[in-house]
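Engineer: Okay, here's what each chain looks like letter by letter:
Protein chains: 2
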Amino acid sequence: MGILKPILFVQVLLISLFSSSHSLLPSRHHFRHHHHPHSHIVNGSYHIKHFTQNLDHFDYTPESYRTFQQRYLIDTTCWGGAKKGSPIFVFIGDQEDIQHTAGTKGYMFEINKVFKAMVVFIEHRYYGKSIPYGSKEVAYKNSTTLGYLNTRQALADVATLVTDLKKNVSALDSPVVVFGSGYAGIMATWFRLKYPHVALGALASSAPILDFDNMVSPHSFTDIITKNIKSESESCYKTIKKSWGEFEKILKQNGGGDKLSKSFKICAPHPIKDDLHDKLFGLIELALIYSSLSDYPYESHIHTPLPPFPVKRMCEVIDYPKGARDTASRILGALNIFYNHTGKSPCFNLTSESKSSGIQGWKWQGCTELVEPSIKNKNDSIFPPDYKHQHKQKSSDCPKDVKPRPHSITTEFGGHVSLL
Amino acid sequence: MGILKPILFVQVLLISLFSSSHSLLPSRHHFRHHHHPHSHIVNGSYHIKHFTQNLDHFDYTPESYRTFQQRYLIDTTCWGGAKKGSPIFVFIGDQEDIQHTAGTKGYMFEINKVFKAMVVFIEHRYYGKSIPYGSKEVAYKNSTTLGYLNTRQALADVATLVTDLKKNVSALDSPVVVFGSGYAGIMATWFRLKYPHVALGALASSAPILDFDNMVSPHSFTDIITKNIKSESESCYKTIKKSWGEFEKILKQNGGGDKLSKSFKICAPHPIKDDLHDKLFGLIELALIYSSLSDYPYESHIHTPLPPFPVKRMCEVIDYPKGARDTASRILGALNIFYNHTGKSPCFNLTSESKSSGIQGWKWQGCTELVEPSIKNKNDSIFPPDYKHQHKQKSSDCPKDVKPRPHSITTEFGGHVSLL
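For the record, the sequence lines run as chains A and B.
Take 1379 as the starting number for the first sequence in our numbering and just add one per residue.
Take 1379 as the starting number for the second sequence in our numbering and just add one per residue.
The set of hints was computed from the structure by calculation and includes no laboratory data.
If you're wondering where the values come from, they're calculated on a predicted model, not measured in any experiment.
One or more hints might be untrue.
[As the list claims (entries may be wrong)] Label-pair distances were calculated between CB atoms; the ranges are:
1. V1547/A x I1650/B: 50 to 58 Å
2. L1578/B x Q1447/A: 38 to 46 Å
3. P1574/B x S1609/A: 35 to 43 Å
4. Q1738/B x H1794/A: 36 to 44 Å
5. K1494/A x P1763/B: 48 to 56 Å
6. S1423/B x V1547/A: 57 to 65 Å
7. Q1738/B x K1754/A: 51 to 59 Å
8. T1445/A x K1494/B: 49 to 57 Å
9. P1763/A x L1578/B: 41 to 49 Å
10. T1445/A x P1596/B: 24 to 32 Å
[Said to hold, decoys possible] List of simulated lysine-lysine pairs, DSS-like, C-alpha gap at most 27 Å:
11. K1754/B x K1545/A
12. K1643/A x K1630/A
13. K1427/B x K1781/A
14. K1781/B x K1544/A
15. K1545/B x K1781/A
16. K1781/A x K1544/B
17. K1781/B x K1427/A
18. K1754/A x K1507/B
19. K1545/A x K1781/B
Think of the CB as a built atom: it goes at the ideal place given N, C-alpha and C, for glycine as much as any other residue.
Construct all of the structure, not just a fragment, from the sequences and the given hints.
Structural biologist: Encoded structure:
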């Protein structure tokens, strides 16, 4: 077993890098989940349990003693047991319902057989069914109740639950490894940093741990997307690059909006012109971003159903269109691959989502702690010249009584390179 | 310099082990400061500054955005400067006024010359002049305002202040070492664990980091005191050991209380009998505990003025009394060395301290987070057979609306030995 372990872990790493959900930073995650094909898949054979958590682990005000029920899933079918010191694999929940998360993390229920591991999925506070204050309505009512939705409390939840669980099953000698992808991958990394006495290791995939407080260049995000598409096809990149100007020209013409709406098969009623500009550009930008994020060598169903190598496929129809050869038709072909892989959508729906009354949890985290750094766009970027990352969270969306603390992540978890 | 550094650090360690203030866990610290001879000593040449801190670093409720002024002392006279990457030595404040702390930490103002270090003393929130809510009266009013007095917030204070300070003096490359003794030594240790990206090292002296959540044997405290006195003189140990029974016998006699009060030169008015038992025993117990804690080879002035080798001196007068040879006279001689080294006190004052209206900060910490584990007493202990560590904090002293969280320290900072 000794020599097998590292090899298997590398395999696990590779698997997870290629199959994990990319729950990214706030606005980059503002992507409609058109389909959740996996949300009803039940991997493994887990039990649903609940753990009583303190609302506030760090303070001792009367309010901090309020408790809530945190949901977690536990699968012990392959566990070798406490006496053998068999490991406990803890998948840290993100902003999704934890059963959905478990449904998309099939590899957890593969590696548990290899390592004779107990598998635990812990739901993140304020998401899924792990809602404080008895109801989502109250929990999400205002900053006073939402104030406890943050990473440090969520990490302490995991530490408390895992410590208690190990005691309860008398498995103090069972090593714990935490797993996570996307936001949960960040959390897994931070968990290992802050609770090395609880977790022997962490496996974080697709975790943008440096995407805070200007630790990386503001150009890095647009650079990476650009580079990815350029590396697939230089001419594809050029077509997309020049398309923004062409579309803007059309939009300025009389009846240009209707013309473009028809070219792009936008569902009626068509948005008015200014709105159309932002929404159409947003539609294309998201396709570029998420096809790159989900550029797997096999079919995937994470954000939307996609063919293998989606960027390659999108560039193929841009470079070698089967029908009309104008720019709009080429781009439309690419959008069809990204948004309409199943071929079931007759048109693109650009009407706004119904606005929910309260602030969403993920937006709240972006307003306070997980503050997205500014994004800039070089001249050779594939995005439009005035690209302002329009999906970026606006501070005007945030409650008035909270201010962002953009340095809190780096103060608490580090990351800025320094000799100390 | 390269090879000198480790050697000097060992010296520093030794110095600090022998000279630091023993601010111990709650009840063990319930020792009246008869004298503060050092409280007006000003070491080094520091400036007093203030830093605006968030009351709550981890939550985002409107209340958490409340700020307070944290006081810190900064001495840059020996600092080699940012360009040379000269270090920053941060002494973490404990429950004392930070100027008093700086006054008793002379070695900080010695080693700064050797290392060309900046010296910073940071006052602990809710102590000294670093009081939230504008006044101590409001800050200490109830659990709602006191709830933010805890170690995790205090550690985040240090991280935030140091990170900001380094930016302000453009000293990002200057390594930071945190220092502390007693409670502050625990804090220095935890700071290095939780903020390794801020502090390159920590020097903790006399820091009982394992004295939580039954990590060490409940007998260890009484065992260590017993062993220390026994190692000085077996007969001294035996005299003290049998004295408790003798005093109890006298107390049961008619007029025994008055007799004992006179023998021990208790100031009038004498306490009534039951009270006398507890107070007299407490007086002796504290002398045994703190003479062991302050058993330095030179004169010290930390808890009370003491001669060099106080335990040896106390045992000398117990073993070889100059005057009367009865047990009470022997013990009185020892008490005189501990409490009356200056010879200025004609009698021992056992009347109660005036009770302050609010709870003290240190008691609050003992009620909530720094929960003292139970103390047990073996048959061969030097303490009385029914020794219940009477100075131990009683839960009835704690506010009714907070409950202790005895596992919070080990969950947050680890310590229980385990293979993970």
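Engineer: Hint by hint, work out which the structure violates, then give me just those numbers in ascending order.
Structural biologist: Violated hint (a single one): 18; every other hint is consistent with the structure.
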